[in-house]
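The listed protein sequences derive, respectively, from chains A and B.
First residue of the first sequence? That's 1 in UniProt numbering, and the numbers climb one at a time after it.
First residue of the second sequence? That's 1 in UniProt numbering, and the numbers climb one at a time after it.
Hints in this document: simulated from the structure, not taken from any laboratory.
Do not rely on the hints blindly, as some may be mistaken.
Note that the list lumps identical chains together, so a pair holds whenever it fits in one copy or between two copies.
No more than 20 Å apart at the CA atoms, straight line, and that leaves these computed lysine to any residue pairs for SDA-like [stated by the list, open to error]: (1) Lys304 - Gln254; (2) Lys418 - Ala81; (3) Lys418 - Ala256; (4) Lys2 - Ile115; (5) Lys260 - Val9; (6) Lys139 - Gln7.
Treat the numbers as computed from the prediction; the structure is a model and nothing was measured.
Number of protein chains: 2
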Amino acid sequence: MKFIVDQQVEDIEMPENLKLNTFLQEFHSNCPHPECSFGYYGFAFGQSPFPVPQKIQDALIASASKGAYAAVSGLPELRNAISKYNKHYFGMDVDPQRIYIGPGTKELIFNLLEILHGTVILPTPAWLGYLPQIRFLKKNYHMLPTRANRKISPSDLRKLALRLQDRQKILILNNPNNPTGLLYDKLELEEIADVCREQNICVISDEIYAQTTYDFSKFVSMGKIYPEGTFVTNGLSKSHAAGGYRLGYVIFPQHAIDLKIQFKKILATEFTAVSTPIQNAAISGFEISDEMNEYFEITRNIHKIMGEYSYDALSAIHGVKATKPDATFYLLADFNYYAPDLDAAKINTSQKLSESLIVHPYHTAIVGGDSLVLERTDFSARIAYVDYDGTKVYKNYQEQKPKTPSEKITFVENNAPKIVSGIKMIETFFESLKSGKIGESSKKHLGITT
Amino acid sequence: MKFIVDQQVEDIEMPENLKLNTFLQEFHSNCPHPECSFGYYGFAFGQSPFPVPQKIQDALIASASKGAYAAVSGLPELRNAISKYNKHYFGMDVDPQRIYIGPGTKELIFNLLEILHGTVILPTPAWLGYLPQIRFLKKNYHMLPTRANRKISPSDLRKLALRLQDRQKILILNNPNNPTGLLYDKLELEEIADVCREQNICVISDEIYAQTTYDFSKFVSMGKIYPEGTFVTNGLSKSHAAGGYRLGYVIFPQHAIDLKIQFKKILATEFTAVSTPIQNAAISGFEISDEMNEYFEITRNIHKIMGEYSYDALSAIHGVKATKPDATFYLLADFNYYAPDLDAAKINTSQKLSESLIVHPYHTAIVGGDSLVLERTDFSARIAYVDYDGTKVYKNYQEQKPKTPSEKITFVENNAPKIVSGIKMIETFFESLKSGKIGESSKKHLGITT
């Protein structure tokens, strides 16, 4: 039988992280140099390297017998815990009735985009997951390129909104930001909120990296600045190193009662409820405890040390600019200085740059610009600095916290040697490029047709 | 801020089981008779009452540390186990590459409906979850009312297909069937498959109750009869009593390679992957073992005993007809004999019948006809016979298996007294109705405005 597929499905592309994953798997088994058993420097995957907190594991273990369906909106105990978590960490008063649980933040953002009418405004660069959702749902959308500081310009936002005919617009705000690692401060959020109020823009504020903010006191949720128009999403994946558990939540705006009824219908229609044992496990992750607090502190400190090292090391490469991360485990590295050399080597898209970096002898995996919703010819890339054994590094950090700048560098060298060597390899690549040693030939053995 | 919701969201109704759930919760706290602390006879919820098999619980416990994202299509070990499970129990040769894992069968059916072009053919009565999905996705659809035997008539299917203009049609086959408990035999499936081949109909065969088939040797999967055009869905929810775990799978038709690529994109776009610990736990549930085999046997035998009792007891009520279940834990009871009396009592829709049965002193929860995609005035209802303590009953059955018909009745009386009394209460209700004792007044104290 020949099957006919609906058009909007064919129109979307595989999310780029998964394309890359496939690419790396194929590459891994195909490296034509048998002497080379190295694998690759993993700057591509956005996964926390740390162990799932023991408290969460214990709670999952205690919940294995819970085979009954949970309520559509989520377990009341979990919604309560999340409400208190938001109060404690983010200073927000959130009625548990405003909280809905989903199998990951991604699905909840998809569900929000399903119900909310209007044109989507997507600031770029952006996380690679939003655009396939927007395209699949056939929503109108507009990019909003950020300025040199890699942040949304309120006046650009206003200008764009004025051009749109929709009564309602939807801004996707990702704060702290993937891929830049940057944090919006209170004033910046207030300026964005002013435009949103004026232009009837509701905000999906993806704050999945909130808890990773290095100087945690600086994090401010858009849900606090613009409570009447913001949907805040967050979950276990990044702060609790449990992406594989698949649990996220969304906080609805104040007073959005009708909308909540609509949303609940969608959850009931699409997935019924999130796994009951997983929800029970998550309660422990969101409850306030010394154990979790220590976990957040240690992990964000390690991310900060790795981030500062990576920023410094990349910035030290001639011609390379990078965002200095305030949070997350990413930064955005800008290699456009090498555009003429890349063009000369027939590497004329960011995709080709990623492919050229992954092949022998560089073996370096990055997420290239067009996967971040940048122009195909923008040679910027997301660098994730998590390629180390998180369990071991966590223990080492607990045993001896590095304090001085030189102790921190030593800590990275001892604990994350692949980050150190990987960044050196990026430097080597651009040096070879500059000296004309890189061209089309380096990619041939991979069988890449571009 | 006033939010604008997309139209197709407002057009769908809350799935009926969840509406009923809300209704029962409200009712429960509102019964105006303070002396009445009974609760209700629960014939409405379709949830297996048994404990999650120990093997699955143990595997979940052993997997609590697995916080990493799983592959989009599912863990290879799980897909292998499901492949072998299908070979062992259903005699099907399924390449693991044809299997995709989702957070429940419901989401996978939704995802299939998202990608497959064409008009949906929905035989009725039907499980209450399909229609909200179809409506939300704005798909064209046609009901296909079953005949007196409550099964799809191949010639009716052909007639309907001939009227449809689509190049591709999608039949939703639910076998064994919820709400009737009936099983399609091989010949019946072959006749349906013939029409499907002829009319270019692909089949979503929801076989979530396959393993509950009382005479298990009689179950035949549509995936075996019509392998080139059938998507088989199944999961942990019913056979493994782990609906709350949220794990289902779909087997793609043979040779549907392009389609699989499209499908994987959708999974990656909407939910990334199913919870890693849950997937690991599921492996144990699908692996062939004496323990699981015994579990399937015992649970299906208990369902059979409860089903036979319920069928006999309901059929013994004057005027009531019921389907005799071959599988599942449901049957369809037909109360249309009482239509004139119901009408006289101003109970003129199936919804009103459900509401009249739930109030004091009847306290009996059923799923009425229009929740099963029947006419609003069809006084048929789904009766789920699972209102007992599954853990206790499982043990009692293990200790002493009832063999003779009278031992089986005693088993039900001892182990499921609420089923016994609940069916008597249904009888009492219709007796009262017949003698004119039931009218609008009986519902007033609930504040139901109809």
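Verification of the supplied hints:
| no. | hint | in the structure |
| --- | --- | --- |
| 1 | Lys304 - Gln254 | neither (34 Å within a copy, 50 Å between copies) |
| 2 | Lys418 - Ala81 | neither (38 Å within a copy, 36 Å between copies) |
| 3 | Lys418 - Ala256 | neither (48 Å within a copy, 41 Å between copies) |
| 4 | Lys2 - Ile115 | between (33 Å within a copy, 14 Å between copies) |
| 5 | Lys260 - Val9 | between (28 Å within a copy, 12 Å between copies) |
| 6 | Lys139 - Gln7 | both (14 Å within a copy, 13 Å between copies) |
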